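Trainee: Next come the chains, spelled out residue by residue.
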Amino acid sequence: MSRFVYADNAATTPMSKTVYNAMQPFLTENYGNPSSLYRFGNKSRQAMQNARKQVATALNAADPSEIIFTGGGSQADNLAITGFMKGLSAKGRTHIITSRIEHHAVLYTCQALEKEGFTVTYLNVDNLGRVDLEQLKSVISDNTALVTIMAANNEIGTIQPIREIAEIAHAHGAVFHTDAVQAVGHMHIDVQEMGIDMLSLSAHKFRGPKGIGALYCRKGIALKPLVYGGGQEKGLCSGTENVAGMVGLGQAITDACGANLDEKMSYVKSLTDKLVKGIMENVPYTHFTGDPENRLPGTASFVFEAIEGEGLILRLDFAGICGSTGSACSTGSLDPSHVLMSIGLPHEIAHGSLRLTLGEQNTEEDVDYLIEKVTEVVASLREMSPVWEDGKPNLTAASELHSH
Amino acid sequence: MAMEYSEKVYDHFSNPRNVGEIADANGVGEVGNAKCGDIMKIYLKVSDDGVIEDVKFKTFGCGAAIATSSMATEMVKGKTIEEALKLTNKAVAEALDGLPPVKMHCSVLAEEALRSAIADYYRRMGKDPEPILGCTADCANCHCENH
Numbered sequence: 065m066s067r068f069v070y071a072d073n074a075a076t077t078p079m080s081k082t083v084y085n086a087m088q089p090f091l092t093e094n095y096g097n098p099s100s101l102y103r104f105g106n107k108s109r110q111a112m113q114n115a116r117k118q119v120a121t122a123l124n125a126a127d128p129s130e131i132i133f134t135g136g137g138s139q140a141d142n143l144a145i146t147g148f149m150k151g152l153s154a155k156g157r158t159h160i161i162t163s164r165i166e167h168h169a170v171l172y173t174c175q176a177l178e179k180e181g182f183t184v185t186y187l188n189v190d191n192l193g194r195v196d197l198e199q200l201k202s203v204i205s206d207n208t209a210l211v212t213i214m215a216a217n218n219e220i221g222t223i224q225p226i227r228e229i230a231e232i233a234h235a236h237g238a239v240f241h242t243d244a245v246q247a248v249g250h251m252h253i254d255v256q257e258m259g260i261d262m263l264s265l266s267a268h269k270f271r272g273p274k275g276i277g278a279l280y281c282r283k284g285i286a287l288k289p290l291v292y293g294g295g296q297e298k299g300l301c302s303g304t305e306n307v308a309g310m311v312g313l314g315q316a317i318t319d320a321c322g323a324n325l326d327e328k329m330s331y332v333k334s335l336t337d338k339l340v341k342g343i344m345e346n347v348p349y350t351h352f353t354g355d356p357e358n359r360l361p362g363t364a365s366f367v368f369e370a371i372e373g374e375g376l377i378l379r380l381d382f383a384g385i386c387g388s389t390g391s392a393c394s395t396g397s398l399d400p401s402h403v404l405m406s407i408g409l410p411h412e413i414a415h416g417s418l419r420l421t422l423g424e425q426n427t428e429e430d431v432d433y434l435i436e437k438v439t440e441v442v443a444s445l446r447e448m449s450p451v452w453e454d455g456k457p458n459l460t461a462a463s464e465l466h467s468h
Numbered sequence: 024m025a026m027e028y029s030e031k032v033y034d035h036f037s038n039p040r041n042v043g044e045i046a047d048a049n050g051v052g053e054v055g056n057a058k059c060g061d062i063m064k065i066y067l068k069v070s071d072d073g074v075i076e077d078v079k080f081k082t083f084g085c086g087a088a089i090a091t092s093s094m095a096t097e098m099v100k101g102k103t104i105e106e107a108l109k110l111t112n113k114a115v116a117e118a119l120d121g122l123p124p125v126k127m128h129c130s131v132l133a134e135e136a137l138r139s140a141i142a143d144y145y146r147r148m149g150k151d152p153e154p155i156l157g158c159t160a161d162c163a164n165c166h167c168e169n170h
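Listed in order, the protein sequences are those of chains A and B.
Going by my numbering, the first sequence opens with residue 65, and the numbers climb by one from there.
Going by my numbering, the second sequence opens with residue 24, and the numbers climb by one from there.
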């Protein structure tokens with residue numbers, strides 16, 4: 065009970081000390097409004113420009129002016145999708161292509177646009193969570209304005225073939241946006257080399273502060289503003305700038321995407337591999353979800369048969385472990401997560417999902433503890449489950465899954 | 024969507040009372056289904072004079088489902104069948120110091136499981152449970168539509 069293991073780094077990450085130190089002066093002495101004319105505001109303005117440059121560098125954007133700061137990843141997604149579809153660059157095209165496993169910041173934005181008369185195609189994914197490129201090729205048309213596909217999935221960690229998707233979009237004159245909220249800082253991203261026209265990111269996913277994100281928007285793309293007001297952020301996201309947040313984002317992305325990215329990725333991946341191996345070996349009737357090869361280094365997601373995810377999370381919490389689930393009980397509806405449904409898991413199985421996401425601050429000892437406690441907790445819940453008998457599940461759907 | 028449980032829910036979830044099966048049960052009821060994400064099975068051992076001498080449960084479900092199973096079994100243990108039939112889902116939820124609104128259906132499930140076990144007991148005694156219990160429909164299949 066004394067141990068505390070934070071294994072929910074896909075939900076948010078602990079802010080780093082360097083980020084905190086960089087932000088601190090802009091929360092206290094350097095409070096000047098960057099839009100003011102006197103020199104006291106200069107420090108804030110310069111800090112903001114520096115942060116914009118840091119984000120541009122990390123993504124290999126051609127120019128810092130292509131970075132628009134927003135109040136987080138969801139705002140960036142909303143600005144990219146709604147702003148583009150209603151902006152001049154859509155050129156009257158009314159079709160959007162996205163996938164079934166996007167974050168709700170994308171899915172619900174698309175659904176809202178559908179109600180206003182835009183058409184949306186939701187691409188299927190295979191059982192590893194990879195979008196169907198053949199379907200993309202068959203549905204894309206001269207009316208397709210925007211293709212928006214996430215870089216990596218938040219629940220199962222599957223990385224999408226971004227470059228191929230961008231090529232297909234461009235071949236039809238469509239613009240490509242990617243929700244890279246879960247990806248930035250955890251995999252290599254080069255917007256120019258990957259053919260990305262717009263990209264959303266959020267600072268708190270890579271050890272920056274909450275409440276700040278950015279949209280990379282390639283020069284020449286005209287968006288309709290998300291927030292009207294004083295004209296900040298090129299008039300797209302008005303409001304007095306969150307200077308400290310921007311500074312924190314700039315520092316965090318520099319730290320996360322800098323020279324040690326490869327080293328960090330391989331360290332985190334080694335921990336995750338050990339965790340996956342330990343759980344798959346120790347807990348019978350467990351399924352690994354997501355792409356075993358092309359996935360985020362820190363994401364380990366599973367489904368355990370014959371138990372329900374919320375109970376699992378609560379019992380792990382009692383053991384000092386933070387993790388998450390896509391069970392219906394966690395969403396407040398009767399359906400488990402749309403991602404788990406989309407990769408073809410039956411309801412009966414999807415209720416027992418667990419996502420553990422590791423970060424650079426986790427250790428080998430954390431992993432040993434996670435394996436030990438997950439094994440114990442799953443066994444204790446199965447012990448009281450009416451669909452667990454004689455050491456195995458007695459669900460019909462379970463046996464169907466095994467026959468695949 | 025985050026929600027908070029009461030201390031009592033946490034207590035009954037972390038140390039559930041009456042978990043298990045009764046080998047010589049004379050009333051067994053099961054409601055819910057795995058598709059909805061919760062199944063509750065209740066075993067009763069009723070004495071000749073109609074007192075619930077022992078009660079056990081097995082539940083597949085969330086924290087609230089397990090806590091309500093535990094509390095409901097606590098509340099009927101040692102009671103007569105007639106008294107047990109008066110147990111409402113509201114009383115179970117209140118005994119747990121309340122449940123978040125989205126979890127109220129879990130307490131309904133506990134009431135249904137208990138009634139289903141009592142109906143089974145009546146049938147085994149050669150009595151028709153319908154006049155006493157009302158609906159004896161297959162709750163396992165109507166649960167999903169109810170909520």
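Honestly, I wouldn't trust all of these hints.
Simulated pairs of lysine to any residue, SDA-like, Cα-Cα distance not exceeding 20 Å [what the hints assert, rightly or not]:
1) Lys-58/B / Lys-150/A
2) Lys-437/A / His-402/A
3) Lys-201/A / Lys-179/A
4) Lys-338/A / Ile-204/A
5) Lys-81/A / Leu-325/A
6) Lys-456/A / Lys-58/B
7) Lys-333/A / Lys-150/A
8) Lys-456/A / Asn-56/B
9) Lys-31/B / Val-125/B
10) Lys-437/A / Tyr-292/A
11) Lys-437/A / Val-125/B
12) Lys-58/B / Lys-338/A
13) Lys-58/B / Tyr-70/A
14) Lys-58/B / Lys-155/A
15) Lys-298/A / Tyr-70/A
16) Lys-437/A / Asn-38/B
17) Lys-456/A / Pro-348/A
18) Lys-31/B / Asn-346/A
19) Lys-201/A / Ala-176/A
20) Lys-58/B / Val-184/A
21) Lys-456/A / Met-98/B
22) Lys-58/B / Asn-346/A
23) Lys-58/B / Ser-99/A
24) Lys-31/B / Ile-104/B
25) Lys-437/A / Lys-100/B
26) Lys-150/A / Lys-201/A
27) Lys-155/A / Lys-81/A
28) Lys-456/A / Lys-31/B
Please keep in mind that the hints were generated in silico from the structure rather than gathered at the bench.
If you're wondering where the values come from, they're calculated on a predicted model, not measured in any experiment.
Trainee: If a hint holds in the structure, say so; if it doesn't, say that too.
Mentor: Hints, verified against the model:
| no. | hint | verdict |
| --- | --- | --- |
| 1 | Lys-58/B / Lys-150/A | violated (40 Å) |
| 2 | Lys-437/A / His-402/A | violated (27 Å) |
| 3 | Lys-201/A / Lys-179/A | violated (25 Å) |
| 4 | Lys-338/A / Ile-204/A | violated (41 Å) |
| 5 | Lys-81/A / Leu-325/A | holds (18 Å) |
| 6 | Lys-456/A / Lys-58/B | holds (18 Å) |
| 7 | Lys-333/A / Lys-150/A | violated (41 Å) |
| 8 | Lys-456/A / Asn-56/B | holds (18 Å) |
| 9 | Lys-31/B / Val-125/B | holds (17 Å) |
| 10 | Lys-437/A / Tyr-292/A | violated (50 Å) |
| 11 | Lys-437/A / Val-125/B | violated (28 Å) |
| 12 | Lys-58/B / Lys-338/A | violated (32 Å) |
| 13 | Lys-58/B / Tyr-70/A | violated (30 Å) |
| 14 | Lys-58/B / Lys-155/A | violated (45 Å) |
| 15 | Lys-298/A / Tyr-70/A | violated (38 Å) |
| 16 | Lys-437/A / Asn-38/B | holds (17 Å) |
| 17 | Lys-456/A / Pro-348/A | holds (8 Å) |
| 18 | Lys-31/B / Asn-346/A | violated (32 Å) |
| 19 | Lys-201/A / Ala-176/A | violated (25 Å) |
| 20 | Lys-58/B / Val-184/A | violated (29 Å) |
| 21 | Lys-456/A / Met-98/B | violated (31 Å) |
| 22 | Lys-58/B / Asn-346/A | violated (26 Å) |
| 23 | Lys-58/B / Ser-99/A | violated (56 Å) |
| 24 | Lys-31/B / Ile-104/B | violated (26 Å) |
| 25 | Lys-437/A / Lys-100/B | violated (33 Å) |
| 26 | Lys-150/A / Lys-201/A | violated (24 Å) |
| 27 | Lys-155/A / Lys-81/A | violated (46 Å) |
| 28 | Lys-456/A / Lys-31/B | violated (31 Å) |
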